[in-house]
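**Q** So the protein sequences, as listed, match chains R and G.
For the first sequence, position 31 (counting from the first letter as 1) is numbered 31 according to our numbering, and the numbering increases by one without interruption.
For the second sequence, position 112 (counting from the first letter as 1) is numbered 112 according to our numbering, and the numbering increases by one without interruption.
Hints are not guaranteed to be accurate.
[What the hints assert, rightly or not] Distance windows between CB atoms, simulated:
#1 R:Ala80 - G:Glu55: 17 to 25 Å
#2 G:Asn18 - R:Gln17: 45 to 53 Å
#3 G:Glu5 - R:Gln18: 32 to 40 Å
Hints in this document: simulated from the structure, not taken from any laboratory.
If you're wondering where the values come from, they're calculated on a predicted model, not measured in any experiment.
In this text, a Cβ means the ideal position worked out from N, Cα and C, and glycines have one as well.
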Amino acid sequence: ETGVTQSPTHLIKTRGQQVTLRCSSQSGHNTVSWYQQALGQGPQFIFQYYREEENGRGNFPPRFSGLQFPNYSSELNVNALELDDSALYLCASSPPGGGRETQYFGPGTRLLVL
Amino acid sequence: SQQGEEDPQALSIQEGENATMNCSYKTSINNLQWYRQNSGRGLVHLILIRSNEREKHSGRLRVTLDTSKKSSSLLITASRAADTASYFCATGLIQGAQKLVFGQGTRLTINP
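So that you can see chain R by itself, here it is in the shape it has in the complex (with noise of 0.2 Å):
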């Protein structure tokens, strides 16, 4: 069984870009959650999708968007990029039903705005 898989493992961009991170789901997964960490924090939660829905979204601004396709996997966009916005972004992916409270994460992708 094949785990959540994020790529890339590591982007740089400048201040103004935009960027696209993107989520593969583990098998049998129909939930997908982003989330940012800046160094030293913890997570904090960006938005969930459910059947290609947000289905809640944390506090950040809508210059964070996402999509997810008709196999679950998730793409996270980042418009007019900020150096705030330097961080390691997890997707964490949930099976459906009475275990979708756990959250099973991949190994981030870390971005760093220059």
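On the provided structure of chain R, position chain G as indicated by the hints.
**A** Coordinates of chain G only, in the frame set by chain R:
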């Protein structure tokens, strides 16, 4: 914003000793979960305890939950060098989305 606070922020013990980490939170929850993170990479789920449970065990891990005090503790018994990592508590509240709200973590170092 972070929901909870973990205590201590850093803990260093000898291999074989027990490690205890505490977590406090502020709002109502459906469940509380503990995760481990090695070297700033992905988080590994350790254990979930529901709001109507008081204690749970998994191997060398023991988690307690006191909803009246809005606090939880994670005990790792007979620690090993491989337990060196950051440990995070995360509160789960299902309101449509199952959103996890993490604390800032405890950095645990096990000395051989």
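**Q** Hint by hint, which ones does the structure fall short of?
**A** The structure breaks only hint 1.
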